[in-house]
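Note that the protein sequences, when read in sequence, are chains A and B. Numbering-wise, the first sequence is residues 0 to 279 according to numbering that gives the first Met the number 0. Numbering-wise, the second sequence is residues 0 to 106 according to numbering that gives the first Met the number 0.
FYI, nobody ran anything at the bench for these hints, they're computed from the structure. Treat the hints with care, since some could be wrong.
What follows is a set of in silico ranges between Cβ atoms, one per label pair, in the way DEER data are often shown [as the list claims (entries may be wrong)]:
#1 A/Ala250 with B/Pro14: 41 to 51 Å
#2 A/Gly253 with B/Leu98: 19 to 29 Å
#3 B/Pro14 with A/Glu165: 27 to 37 Å
Note that beta-carbon positions come from the ideal geometry of N, C-alpha and C, so glycine has one too.
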Amino acid sequence: MNGSLTREAVLERVAMLPALPAVVGEILGALENEAEPIDRLVGRINSDPVLVARVLGAANSASQGARQRIGSLLAAINLLGFNRVRQLVLMTALVRQFQPVTPAFDPTAFWRHSFAVAVCAGVLAREVAVDEELAFNAGLLHDIGHLFIVMAFPQQFEAILAFMQENDTDIVVAERAVLGVDHGLIGSVMAEHWNLPGAFIEAIDGHHNPDAADNEAFSNIVHVAEILACALDIGTIPRSVVPAFSALARAHLGLSWPAVASRFGEIEANYRAACIDFGF
Amino acid sequence: MKMRRLVLPVQEAKPGMRLVAEIRNAAGGVLLAAGVELGEDALAGLRRRGIDAVSVEIPDARSEAEIARELAQAEVRIQHLFHRHIDNPELRELMQVVLDYRRKTLA
Numbered sequence: 000m001n002g003s004l005t006r007e008a009v010l011e012r013v014a015m016l017p018a019l020p021a022v023v024g025e026i027l028g029a030l031e032n033e034a035e036p037i038d039r040l041v042g043r044i045n046s047d048p049v050l051v052a053r054v055l056g057a058a059n060s061a062s063q064g065a066r067q068r069i070g071s072l073l074a075a076i077n078l079l080g081f082n083r084v085r086q087l088v089l090m091t092a093l094v095r096q097f098q099p100v101t102p103a104f105d106p107t108a109f110w111r112h113s114f115a116v117a118v119c120a121g122v123l124a125r126e127v128a129v130d131e132e133l134a135f136n137a138g139l140l141h142d143i144g145h146l147f148i149v150m151a152f153p154q155q156f157e158a159i160l161a162f163m164q165e166n167d168t169d170i171v172v173a174e175r176a177v178l179g180v181d182h183g184l185i186g187s188v189m190a191e192h193w194n195l196p197g198a199f200i201e202a203i204d205g206h207h208n209p210d211a212a213d214n215e216a217f218s219n220i221v222h223v224a225e226i227l228a229c230a231l232d233i234g235t236i237p238r239s240v241v242p243a244f245s246a247l248a249r250a251h252l253g254l255s256w257p258a259v260a261s262r263f264g265e266i267e268a269n270y271r272a273a274c275i276d277f278g279f
Numbered sequence: 000m001k002m003r004r005l006v007l008p009v010q011e012a013k014p015g016m017r018l019v020a021e022i023r024n025a026a027g028g029v030l031l032a033a034g035v036e037l038g039e040d041a042l043a044g045l046r047r048r049g050i051d052a053v054s055v056e057i058p059d060a061r062s063e064a065e066i067a068r069e070l071a072q073a074e075v076r077i078q079h080l081f082h083r084h085i086d087n088p089e090l091r092e093l094m095q096v097v098l099d100y101r102r103k104t105l106a
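Start from the sequences, fold in the hints, and give me the full structure.
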């Protein structure tokens, strides 16, 4: 398997990816600016019937027991809140674009892990007073490079899984051995290709290698969030293991484990809330 | 009946449950004080504001044996999750913090 692909060949394949639906870029772009007026968000979602159906579906399953069904986007936003609706749109668009059919890939496990890291990133961001919603969405997107590997290189993906099991090693080590690149770098190239905000590119690139990043807060947050999600056993599978950890990332954020521990209950509840809303 | 403190996802919180910890928004302002009994409107308001977790007290029907079994399972799982990091003092500290948390919340 080794050497069958060059790093350049992998990155060239990324450049052939179709564009993300415009609505995703617009929603993520709006996040970096100020809060978006509600009618603009409604207008954006309304341009895409699949997104409308997804948001209304989530609102109705969240409002079980309410007297009437939620039939309008405005009512759905009113029920779920702005941020959750934006997150639903983002995830739905990604799920639609990436539907890997490799038997070795479990989409439910993938998305649960993504929610777990997103939730941890959101809570950590609040703890260190950086933008919580940006951190949450960076967490939601942090493993998009993994989706790409599964879809574009299904055989190599199976080799990566085998390498991990044989060597009891992190996925990035296996990816570098098999593909020459890891999902962090691939994901950041995807984010760049899609013109996503810089904070996402940094976070995706650096989440397994924060010491090499330019000390960007979001890289550090997503890195620590991933450790924490595994440690709390949320979004994990039976063979999950806490991955390699950078003490520097935690130190840069100025967080201590006992301080973070006071938020563990909230993290677990937020994770379950996200799974309910996203239908997982 | 014995009571148990839990942090629940807001969708699973029921009207009539009593908050055991205050709820703050992202800016640090108190939305609901500890001791407040949750009503339908309060729960809807929390959702709308992006609050997903509420700390409440609920009756605990578990037997001592069940609690002991849950705790033992949690400890085995934590040992597995951290097994690569026995020599890493940072992660050993995190492991201890998670163990303490499980002992506190499962008991």
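Taking the hints in turn, this is what the structure says about them:
no.	hint	verdict
1	A/Ala250 with B/Pro14: 41 to 51 Å	holds, 44 Å
2	A/Gly253 with B/Leu98: 19 to 29 Å	holds, 24 Å
3	B/Pro14 with A/Glu165: 27 to 37 Å	violated, 53 Å
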